[in-house]
Amino acid sequence: MYKIVTKRQLNEQVVLMEVEAPFVAKKAQAGQFIIFRVDEKGERIPLTIADYDREKGTVTIIFQTVGESTMKLAMLNEGDSILDFVGPLGVATHFEDGIKKVAVVGGGVGCAIAYPQAKALFNKGVEVDLIAGFRSKDIVILEDEMKKVSTNLYITTDDGTYGTKGFVTNVLKELIEKGNKYDAVVAIGPVPMMKFVCDVTKPYGIKTIVSLNPIMVDGTGMCGGCRVSVGGKVKYACVDGPDFDGFEVDFDELMRRNASYKEQEREHVCRLTGGVR
Amino acid sequence: MANMCPEKTPVAEQDPKVRARNFKEVCLGYTAEEAMNEAKRCLNCKTKPCVSGCPVGVRIPEFVAKVAEGEFEEAYKIITSTNGLPAICGRVCPQENQCEGKCVRGIKNEPVGIGRLERFCADYMMAKGGETVKKYESNGHKVAVVGSGPAGLTCAGDLAKLGYEVTIFEAFHTAGGVLMYGIPEFRLPKAIVQKEIDNLKAMGVNIMTNMVIGKVLSIDELLEDGYEAIFVGSGAGLPRFMGIEGETLVGVYSANEYLTRINLMKAYLEDYDTPIKKSKVVAVVGGGNVAMDAARSAMRLGAEKVYIVYRRSLDELPARKEEVHHAMEEGIEFLLLNNPVKVIGDENGNVTGIECIKMELGEPDESGRRSPVPVEGSNYVLDVDTVIMSIGTSPNPLIRSTTPGLETNKRGCLIVDENEATTKQGVYAGGDAVTGAATVILAMGAGKKAAAAIDKYISEK
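Quick mapping for you: the protein sequence lines, in order, are chains A and B. Heads up, the first sequence is in this note's numbering, so the first residue is 1 and it goes up one at a time. Heads up, the second sequence is in this note's numbering, so the first residue is 1 and it goes up one at a time.
Calculated from the structure, these hints are not laboratory results. Remember, it's a predicted structure, so these values are computed and weren't measured experimentally.
Result set (DSS-like, lysine-lysine): computed pairs, CA atoms no more than 30 Å apart in a straight line:
1. B:Lys142 with A:Lys27
2. A:Lys56 with B:Lys142
3. B:Lys424 with B:Lys456
4. B:Lys161 with B:Lys424
5. A:Lys233 with B:Lys342
Here chain A stands alone, though its shape is the one from the complex (with noise of 0.2 Å):
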């Protein structure tokens, strides 16, 4: 069992938990995952790590309550505990050595795994734009935390109650257009953002590394659920990834994928809140 020492609502639907799992903690690096299983007859689900803390023996994990598992998990409290708790796998993510200035691209959710990818470079002396996109002024997670590890922090929300209005890309665009020379994009959110970001680094060809959360069951290259067409090739992401080139991944095919199971979750969550959303 793995005790929720914190939990924070960062928004309506994103929740924050540092778990205490002192075997994680002790591994953990940005890049990697954890699996939970939330109780007896849960599904297991991965999740990117956001945050560790070696001496306490803590994992931080920030999810979106999206289906069953993530809303299960949500109404736990403090004090509660987690079945199941194993990590971390998975890659964790590489830079070459002598890279100088990043661009870190978060949507959504995904900010709470940029924001390590960021925190790691950051704390290496690598100059880093943190660009962090959201729908809406009130869903605008970890600003202060995000700002801490960034040289700049841009904002940006689709209906533009808060910061620049539009798209990550756009600002991303904007600032590769302004003569900034980016030795890396990393892109972590939605899948078509991910792919989105890709089109736009493409033309410059700046190598793009994304973050992919396929449907896995085991998480440690087993099963062959999170398979995905990387430059024509198959590859797993719980053992090979979750990072790989943007240039290579077949967005589209994992968009697909990913949507395998949808009518069943939407049975599922209406079992849990008696139809309402």
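With chain A fixed as given, assemble chain B onto it according to the hints.
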């Protein structure tokens, strides 16, 4: 006087039509009377060829003789003196290639039903409330076992009996490995596996779940932590795909994923959260036990039609005979000498069919089996909404890639000597991590051998 009936004493099974739609155990097992009757078919021959066919060396004629006398508890004790998991082996061992395959009675007629008798003894004891398991006195030495499948459980059990303080590290949330995630309930009820695991715990074996060795701790860190030896039984790993077009379409599963969703995550039960596709027509590609398990599970989940697509003929099917027979009885259609060339999908990326080509048998290949050759121009499309690939696995890279000094062969399997010792001192290995996909009993045999070698290594240190 021996029972000279040419056939095995029949065993009760669920009716094929009924069982094809439920997950309850297919074979109901012998009654005491049936078991005694079957045991009397043993001639108690001097050469005991059956024993040489058993990877864990069960003293078969001795236990069978006890069954014939109605001394079931005594029979059970003889079995468990060399086999820690009789309820499991009695159900899933490929007896036709092992003990029963060597039985003298099998030359002209059917061999003695050794598997059924083993199962009977184990079930008899379990129904009686089980054997009282005792905790053995510690000898002060710590051993780590990586993986809690048949190899790991056997190794841990044997070492615990010698007084070692054993800790098993399991990556999943539940111990049992393939016995829990792979083999379906209708062939091996999970309560039986759990009982065997509980017995190990009662013997003092410590099981830590959610521990992915190679990630959360390395083999070297375990050695530094005071474990004097390590047994790696981490299993088979990455599922293989054919490398044909369409394998990433929605509705294509590896057998590992399909079976894990069903067996470990209990997707077949309404109140569990893990989803699984509600398929109408399913093609399972492959001919091993795992393929049979996947096909029969698909049927039980409500599919209207399930095909096994296998590129060789019936004679070459690697699955246990009983599984093939059961699958056929349950209405699974075998498309033998057929090989998929492409999975076909609709505009939304969902599987709609599988294109196959007919095969014919050519010259024998290196495995001694006649190799299948495609029949030019015989392509056709089978309309299916789900494809399950069950064509084997390659070893998991997590441990080998994080353990300096641990050598593997070109297929990625750990290299071991005749005592299951790897190329790294103090580290032993066995099961699918060494052999590639094989059987439960071979893994158990390796675990057993490794336990003896570890005992020797530590006591001579």
